[in-house]
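The listed protein sequences correspond, in order, to chains D and R.
The first sequence: position 30 = 30 (the working numbering), numbered continuously.
The second sequence: position 112 = 682 (the working numbering), numbered continuously.
I should point out that these hints are in silico values taken from the structure, not numbers from a laboratory.
Warning: the hint list may mix true and false statements.
Example chain D residues on the side facing chain R (calculated, C-beta under 10 Å, incomplete) [said to hold, decoys possible]:
| # | residue |
| --- | --- |
| 1 | I127 |
| 2 | K281 |
| 3 | K301 |
| 4 | N317 |
| 5 | N346 |
Idealized CB from N, CA, C, for every residue including glycine.
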Amino acid sequence: MESTQFTPWPYLPRPPCESQPSTHRSRRFPRLIQTRFLSKPTQPFLSTTLTRPQSSCSNPIGNSPLLRESSIEPFYVLNNIKTNEFCASLTSFDWNDVEPKRIETSSIGTTCTIWDIEKSIVETQLIAHVKEVYDIAWGEKRVVFVHFRRWGQISKSRKSIGVLNFLLFQAFCSPSSVASAAMVLEATMICIDNSEWMRNGDYSPSRFQAQADAVSLICGAKTQSNPENTVGILTMAGKGVRVLATPTSDLGKILSCMHGLEMGGETNLAAGILIAQLALKHRQNKNQQQRIIVFAGSPIKHERKALEIIGKKLKKNSVALDIVNFGEEEDGKPEKLEALLGSVNNNDTSHMVHVPPGQNALSDVLISTPVFTGDGEGGSGFAAAAAAAAAAGGVSDFDFGVDPNIDPELALALRVSMEEERARQEAAAKKAAEEAQPQSDSQNATSTATEKVSDQMDEDDLLKQAVALSMNIPGSDSSAGDAQMSEATNDDQELALALQMSMQDGSKDSSAPSDVSKVLGDQSFMSSILSSLPGVDPNDPNVKDLLASLPGQSESQEKKDEDEQPKDDK
Amino acid sequence: MACTHDHSCEDHDCSSNWSLYKHIDLSKVTALNEANPGSVKSVFKAWEERLNSSGEHLESNEGDPELLVYIPFTSDVKIKSISVVGGADGTSPSKLRVFINRDGIDFSDAQSMQPVQEWDLVENLQGVLEYQTRYSKFQSVANITLHFPDSFGGDTTQIHYIGFKGEATQLKRDVVATIVYEITPNPSDHKTRAETGGGLSHVE
Numbered sequence: 001m002e003s004t005q006f007t008p009w010p011y012l013p014r015p016p017c018e019s020q021p022s023t024h025r026s027r028r029f030p031r032l033i034q035t036r037f038l039s040k041p042t043q044p045f046l047s048t049t050l051t052r053p054q055s056s057c058s059n060p061i062g063n064s065p066l067l068r069e070s071s072i073e074p075f076y077v078l079n080n081i082k083t084n085e086f087c088a089s090l091t092s093f094d095w096n097d098v099e100p101k102r103i104e105t106s107s108i109g110t111t112c113t114i115w116d117i118e119k120s121i122v123e124t125q126l127i128a129h130v131k132e133v134y135d136i137a138w139g140e141k142r143v144v145f146v147h148f149r150r151w152g153q154i155s156k157s158r159k160s161i162g163v164l165n166f167l168l169f170q171a172f173c174s175p176s177s178v179a180s181a182a183m184v185l186e187a188t189m190i191c192i193d194n195s196e197w198m199r200n201g202d203y204s205p206s207r208f209q210a211q212a213d214a215v216s217l218i219c220g221a222k223t224q225s226n227p228e229n230t231v232g233i234l235t236m237a238g239k240g241v242r243v244l245a246t247p248t249s250d251l252g253k254i255l256s257c258m259h260g261l262e263m264g265g266e267t268n269l270a271a272g273i274l275i276a277q278l279a280l281k282h283r284q285n286k287n288q289q290q291r292i293i294v295f296a297g298s299p300i301k302h303e304r305k306a307l308e309i310i311g312k313k314l315k316k317n318s319v320a321l322d323i324v325n326f327g328e329e330e331d332g333k334p335e336k337l338e339a340l341l342g343s344v345n346n347n348d349t350s351h352m353v354h355v356p357p358g359q360n361a362l363s364d365v366l367i368s369t370p371v372f373t374g375d376g377e378g379g380s381g382f383a384a385a386a387a388a389a390a391a392a393g394g395v396s397d398f399d400f401g402v403d404p405n406i407d408p409e410l411a412l413a414l415r416v417s418m419e420e421e422r423a424r425q426e427a428a429a430k431k432a433a434e435e436a437q438p439q440s441d442s443q444n445a446t447s448t449a450t451e452k453v454s455d456q457m458d459e460d461d462l463l464k465q466a467v468a469l470s471m472n473i474p475g476s477d478s479s480a481g482d483a484q485m486s487e488a489t490n491d492d493q494e495l496a497l498a499l500q501m502s503m504q505d506g507s508k509d510s511s512a513p514s515d516v517s518k519v520l521g522d523q524s525f526m527s528s529i530l531s532s533l534p535g536v537d538p539n540d541p542n543v544k545d546l547l548a549s550l551p552g553q554s555e556s557q558e559k560k561d562e563d564e565q566p567k568d569d570k
Numbered sequence: 571m572a573c574t575h576d577h578s579c580e581d582h583d584c585s586s587n588w589s590l591y592k593h594i595d596l597s598k599v600t601a602l603n604e605a606n607p608g609s610v611k612s613v614f615k616a617w618e619e620r621l622n623s624s625g626e627h628l629e630s631n632e633g634d635p636e637l638l639v640y641i642p643f644t645s646d647v648k649i650k651s652i653s654v655v656g657g658a659d660g661t662s663p664s665k666l667r668v669f670i671n672r673d674g675i676d677f678s679d680a681q682s683m684q685p686v687q688e689w690d691l692v693e694n695l696q697g698v699l700e701y702q703t704r705y706s707k708f709q710s711v712a713n714i715t716l717h718f719p720d721s722f723g724g725d726t727t728q729i730h731y732i733g734f735k736g737e738a739t740q741l742k743r744d745v746v747a748t749i750v751y752e753i754t755p756n757p758s759d760h761k762t763r764a765e766t767g768g769g770l771s772h773v774e
């Protein structure tokens, strides 16, 4: 932890201060952590309070601020307690080098928790230990923890809230595998457009090649997310609809049949979809959900009515349909496809993605859409890895600090966590968002992918905002109403930012329900937090108003106004 | 063939006869063309509650009264008769065709295949009608598929209750090994060689 090249959060330096006396025995503690002790060592809940020393100088990114430890004030309170005040002692704590907003703690309550301190929420809890965990640390690719007698390791290759998909516990506990949630058993038929229209080069290197790349990525993603998934391919143009591969889980077979495909003829969309449905009907494992992915690159010669009838038939047989609209832009094509999607869609299992021609490769754009990531439950590791590779290519505005070339697992863990953040921040920030969209426009056009786009914007804004704050730039723009933050002093800014962000979470109950959101929305808890913060008087009428307005609120403006007040009271 | 109860149900213990619903593997029940996914599970309940439609019921999509319900049992059962309670205003199903021990039937299969038995249904809003089966064909039923091709003129088909009368055997038709993943592995379930003494012959 000594030398990090990347510190996006300037107020998280690692000064060589001595840690306060506490019961944990971690030696790498730049921060002071108070732990509360428990009467019974069985409670897995834990609470930590992160404090930071006050510093009054301006901090450009990358420089650790000088420590002037005039006072210690709580910066974040990370609390996972649901019912009572007690919690198990923490034994160890570690910062994530690459993402300093992530920390992990281990406790004698047999659990380890990974926190997102910027949001003051629990990201994941690892509950599979049966004894106390004495130490925990982030490794390059794995998290290492020390159990009572042996070392265990969990891989960071796949992170998703609530999913103990760390195949990790194999190493630690037993040879039997761990449950992997979010594995939808699915049989997929991919309908490829190999008509004359695909010779066009507006997608690099050619439309057809871009399609082929996307197809191979999809196949990989599906088989990775569940080994029992099967994928089949058929071509819609050429001499007629031809099934190249019936649904199989053999990736090699699928990729090899993509070779030597010739372009020509005209696409027959209706026949393609119907034959895909027939192929799915004869799948070997009847337990698999049926899904068809269509690449609609050429103009559609069918009537809207005919497409709707097909859609209804698919819906009746509970087949989901994903449409990738790219290539030829024809009048009426989007409407026809929308009509088709509307008649198929049953509970949002079907999606449509528009990909306009441009810099970004077709497959890169598709990676972050529900086509790859399923119904938003969390993508496969493969998809995230590919996404990380795309990010390195400059598609994303973020600098992860660790390139996927060096450490793909880590990069995709970052990517996945980024996406999850976006999903959470979408609702609140979307209202106040007004700035240009840095991401590709294609994603904005889709119904289901817009969430991810605005979340990306918000993430970007938050980063900019942090940068601006650290540089003490007044009037830093962007979402979630930080405009008023600029008026405050530097010190208060950051504290208010923390408060505000934690309150934002409280207001996002509808869009991103998490336990901690509800906790933050809980008045009594908020008042206890506020009372523990120095300078905030819980009896202050402004604070009371703030608390009263917390549950279910969605106007960030109101919060900011009241946010200012308790700050000024200091 | 239908018969009505010519006695009052409180005296005779009708409820215990219709207890095959307990042997239905509810998690694997599926229906095709249902308007609300998962609503099919609400139609399998105890006899006393057959008219209690305060909860959900099974409804087909708008404009299409065809329904297909796949019901697996937890063990092989013998079915003596079937009872179906439909909805009002012509939304009751008018015909019933059943298929035995076939997985993965969809509408085109159902329409083209010869059913094991079929009945013309009557509007049975009180749930007192039952349809007897040819018992010899329903001796070891591991799963049953009910196909309701049409309704009594309504736009959709509604089903509030499906009941089976018969008896359950303890046999299972075929045992499929299911893979169980442990969510929280318990080390005490998996003793290592060292912990069990490291004998020469050790089966884990």
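Less than 10 Å between beta-carbons is the criterion; does K281/D satisfy it with respect to chain R? 6 Å, holds
Hint check, N317/D versus chain R [nearest Cβ-Cβ separation less than 10 Å]: At about 5 Å, which falls below the 10 Å cut-off, the nearest Cβ of chain R leaves the hint on N317/D intact, so it holds.
Return the status of the interface hint for I127/D: holds when the least beta-carbon distance to chain R is below 10 Å, violated otherwise. Constraint on I127/D satisfied, holds at 6 Å.
K301/D as chain R interface residue, shortest Cβ-Cβ below 10 Å: This interface hint is violated because 26 Å lies over the 10 Å limit.
Is the interface hint satisfied for N346/D? The criterion is a beta-carbon contact with chain R at less than 10 Å. 7 Å, holds
Violated hints amount to a single one, hint 3; each of the other numbered hints is respected by the structure.
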